[in-house]
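J.: Could you build the full structure based on these sequences and the hints that come with them?
Just so you know, we're using our numbering here: the sequence shown kicks off at 97 and counts up by one.
What the hints contain is simulated information worked out from the structure, not anything from laboratory work.
Be aware that a few hints might be false.
[What the hints assert, rightly or not] Only pairs whose alpha carbons sit at most 20 Å apart, straight line, appear in this in silico DMTMM-like list of lysine to aspartate or glutamate:
#, residue 1, residue 2
1, Lys236, Glu124
2, Lys98, Asp132
3, Lys98, Glu163
4, Lys199, Glu228
5, Lys98, Glu128
[What the hints assert, rightly or not] Cβ pair distances, simulated, as ranges:
#, residue 1, residue 2, range
6, Gln99, Ala223, 37 to 45 Å
7, Glu112, Asp206, 35 to 43 Å
8, Thr198, Glu115, 16 to 24 Å
9, Thr144, Gln221, 20 to 28 Å
10, Glu117, Met186, 16 to 24 Å
11, Glu112, Thr144, 17 to 25 Å
Just so you know, these numbers come straight off a predicted model, no measurement behind them.
C-beta atoms are modelled at their ideal positions from N, C-alpha and C, and glycine is treated no differently.
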Amino acid sequence: MKQAVMLTIRGRQIYEEQEPEVIELISEGTLEQVTDGWDICYEESPLTGLEGVTTTFRIRSDRIILERTGKLVSQMVFQPGVLHESLYQMEFGALLITVCATKIAHTLTDQGGTVDLVYGIDIEQSAGGVVEYHLDIRRK
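T.: In structure tokens, the structure reads:
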């Protein structure tokens, strides 16, 4: 059963020779326990530059799947130590993205909890940097 939650999402992108880019936002969303884990879903904000996009984190025992639909379509799979390739389809074209998680962890219950995800990313076979997500999920 889906339940309404408040999400605090902190993202940090670290690229070579650049200052880390940090984003923090608070959004309403949903948390749903499914057969093999949890789904967390929310609508992106104009602050992220992804307005018109729905983001879903699918938390499973051995992986996290990040899906985006709408104006941008992508599905990235994160398993520690495993490379995953996917297409990042935007309005003006698509990019080949390769990700490799170094950390996935969660403390989810039906009351909420946290999700941590850290991964390296290559864009079109060029080193892109490291991305960190920390989600705090609380029932409304």
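J.: For each hint, tell me whether it holds in the structure or not.
T.: Hint check results:
1. About 9 Å separates the Cα atoms of Lys236 and Glu124, which keeps this hinted pair within 20 Å; it holds.
2. Of the pairs offered as hints, the one joining Lys98 and Asp132 holds, with about 15 Å between alpha carbons and a cut-off of 20 Å not exceeded.
3. Of the pairs offered as hints, the one joining Lys98 and Glu163 holds, with about 17 Å between alpha carbons and a cut-off of 20 Å not exceeded.
4. Taking the CA atoms of Lys199 and Glu228, the gap is about 9 Å. The hint holds against a cut of 20 Å.
5. Among the hinted pairs, Lys98 with Glu128 is consistent with the structure: their alpha-carbon atoms are about 4 Å apart, no more than 20 Å.
6. As the Cβ distance of Gln99 to Ala223 is approximately 39 Å, the hint placing it in 37 to 45 Å holds.
7. The beta-carbon spacing between Glu112 and Asp206, approximately 41 Å, falls within the hinted interval of 35 to 43 Å.
8. For the pair Thr198 and Glu115, the beta carbons lie near 21 Å from each other, so the given range of 16 to 24 Å is met.
9. Distance hint check for Thr144 and Gln221: the Cβ-Cβ separation is about 25 Å, which falls inside the suggested range of 20 to 28 Å.
10. A hinted range of 16 to 24 Å for the beta carbons of Glu117 and Met186 is consistent with their spacing of about 18 Å.
11. Against the hinted window of 17 to 25 Å, the Cβ-Cβ separation of Glu112 and Thr144 comes to about 23 Å, which satisfies the hint.
Against the hints set out earlier in the document, no violation occurs for any number.
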